[in-house]
Amino acid sequence: MDGLVAQAPYLAPDAPLPYCRGCGHALVVRHLSRALERLGLPPRSVALTTDIGCVGLADSLFPHLHTVHTTHGRSTAFATGMALAEAVLEPKGLPAQAGLKPVVLIGDGGAMIGLLHLVHAAQLNVDVTVLVHNNFLFGMTGGQHSALTPLDFATATTPAGNSTPPLDLLALLRAAHAGFLARDYATSAGLDTLIAEAIQFPGFALVEILELCPTYGTRWNQLTGAALQEIAARQGYWIGKMEAEQERPTFLKVWRQDKETRKSKIENGNSKIEEGQTPGFDFRASSFDFPSGELRVVVAGSAGERVQSAAALFCRAALAAGLYTTQKNDNPVTQGTGFSLSEICLSREPIEFTGMESPDVVMVLSQDGWNELRANGTLARCRTETLFYLDSELPAAPQCGLPAKAGQVVRLPLRREATPKGAALAALAAWQVQAAILPPGVWDAALTTLPAQRREEAARSIKIGGRLATGTAPCA
Amino acid sequence: MVAEGALAAGCRFFAGYPITPASEIYEVMMRELPAHGGLALSAPDEISSLCYCVGASLRGLKTMTATSGPGWCLMIETVQYALMTETPVVIALVQRLGPSTGGATQGAQGDVGLAEFSTSGGYTIPIFAPSTASECYELTLHAFHWAERLRSPVILLTDKEVGMTTEVVDSGTSEAPECVERSMATDAATYAPYGFDHPGDVPAFAVLGGDVKVTVTGSAHDRHGRLRKNAPEVIEVLLHLQHKIDAHAEAMARARPDLDPNARCLLISYGVTARASRQALRILRAQGRAISFLQIQTLFPVPRQALEWALAGVDNVWVAEENLTGQYRAALAPFLSGKRVHGINKVGSLITPGEIARAVEGWMD
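First to last, the protein sequences are chains R and H.
Per my numbering: the first sequence = residues 38 to 513.
Per my numbering: the second sequence = residues 5 to 369.
Chain R on its own, in the form it takes in the complex:
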């Protein structure tokens, strides 16, 4: 290992550093280099991920490491992506130790603009190490104050001293369950050991390094030799390594452990309808009269009353009959209140336009549905030939002002007989019985696509719809 390091030093001891004279960044890169050497990490197993600011100049100083210079504040998020990818690369047989360790260099400005990324990386406990270079201001852009500027500290934008209390990054990330949190001074002799410990830590680790910007920090503030210690004491900052609340497995470990459990959970417990499953019905054996062109149906009711799932089941029945169908749903942005509607097209040919210029059949199951059809203009676009199925609890046809001519309005006690949740399916079943649009047997085929626990209830609604249809003639 020593041989490898000797061949590929992380930071050449005599490398000219691009920082201002006296800048803490120079101390940090030397500490980082010593930490990497101490750990003996192969240079190609480290991705030095740098943020925007003077802190981002470090890339070129480590010629043998992978380096990624990113956008402002986002360095932690890119590093998190790199670490997450390990979960997918793992099956290729790479042992965990041979993986990539992203080490993020970020300033106090970047830490705040990218705070969410730090919080989420800590929550996930991804194997990422973050070194926050906190020099209390934005150095590269002229010494403006940041969210980590101490109280009373003068900057270009707080000439009279900062009056907003600084964010205690460690306290915040502790609340995000970070496993390794530490704070130290750039001038501290033991910083390399602390950084090495952070890099070695399996999971998210962050070290906040306090330093002074020799160009702007010292310009407007009267600072003594012990300025950093005084500032830290005034903010009540914890110095050193914080005790972690408890040991947590890394994201990768959790992912690998969960893999099998997750798989079986999805296989056994998923009650969702199988997407793309074709109903088992041999439609080629059946011939039936389906009108040429397209048939357009609107089903409108209330949210939570299975309007859209009834329409989906009907589409599956049509699919079983060999028809092309489209189903376009609409509901307010809230999922559980107000209207819910589905627009269905049926055709022997592939369907182009999926909207409703003028519907052939309109089914209204509740006042919510009625109101929406009036509001969205569907009722105004109906023709006198449009066939209506209305729940009998709705106002009578003349009061509704329907354009329908005699014999085109069917009123059925759908909600009362089939329950509100079965009303849409019952309406579709009633229409299917009266108009004989689809061949017999297609409902059974469609029902096979439902999870077992939903099948019986749906079959009951279909049956009720059929019974209502045979007992009722269309009336005006």
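Do not take every clue at face value.
[Claimed, not checked] Short derived list, chain R residues pointing at chain H, Cβ under 10 Å:
| id | residue |
| --- | --- |
| 1 | A124 |
| 2 | E234 |
| 3 | F238 |
| 4 | V370 |
| 5 | C382 |
| 6 | T391 |
Honestly, the hints are just simulated from the structure, not real lab data.
All C-beta atoms, glycine included, are put in the ideal place defined by N, C-alpha and C.
We have chain R; now place chain H onto it with these hints.
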């Protein structure tokens, strides 16, 4: 079908954040990707979603995220980073009514300009726009193919009406392209992460964490990824970013023409409005009118050859799209000089076949 296409294309990493009408893609990927040996993850916002994808892509994975207009706005910073660092990534942008949060459950084609013209400097981001569920599948495969082939972000631009409408699909009729793997660096000694001989070449890729030293940067850089100011090579690299797209424009071009050699009128559309347009075409032709139709699937780079063929002998052009000012019509304008160009535009609901037919009839009569 976007998710299906992504899985078939070999997508192994997905990071998402809920937003109507793109949440279905997110949910399907969360459910299906682990079974395909991949990782799907909930990000805390759209900025993180795309950053995670780019980070994972740098490690060699094919990655995708899905969002809608409001989320896309947050991603633009990172899209530019992916473009500048030549990192492959696919973004499925399912449009909804804007501006701002607009109408979450209403369709629109209002993000064409916002998607394409989102880079400082005006670099071309390839955009594919499906009009049907089958096309969602096919064009997602194309999006991955070109993202990997060109080391570029690629957008799959769909909308609520295409993305959330359920329809019957003839499986087996899809034209699925073969998905390439990105071309990898072979010689560590001579490798330059942004190296090219000719400006239209695509640099070989080296995986972050592999044996070949990788330098990634979003700042103006030379072929080796070194920050340089006022160096001619930096400008060469910037020009190359556009040249590599231009050089593959015709290979990327996808359009579905339905041309009448006698037609002097051409209807152009894309995405969901192409469906209404095809139906309008039937209405107009049934009336005995000579009219051609061109559905453009590769919105950018603009498929010039297909456009040229469709424009032969044509003096009037209609561009139908569900936005206020004709965003794609404006993008096509340089290619339509000498033609009389009409917009068919609407916001808030689907443009109907009747509306398109009436607009064209009105002029022809």
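Hints, one by one, checked against the model:
no., hint, verdict
1, A124, "holds, 5 Å"
2, E234, "violated, 22 Å"
3, F238, "violated, 19 Å"
4, V370, "holds, 5 Å"
5, C382, "holds, 9 Å"
6, T391, "holds, 5 Å"
In this structure, the earlier hints numbered 2 and 3 are contradicted, and the remaining ones agree with it.
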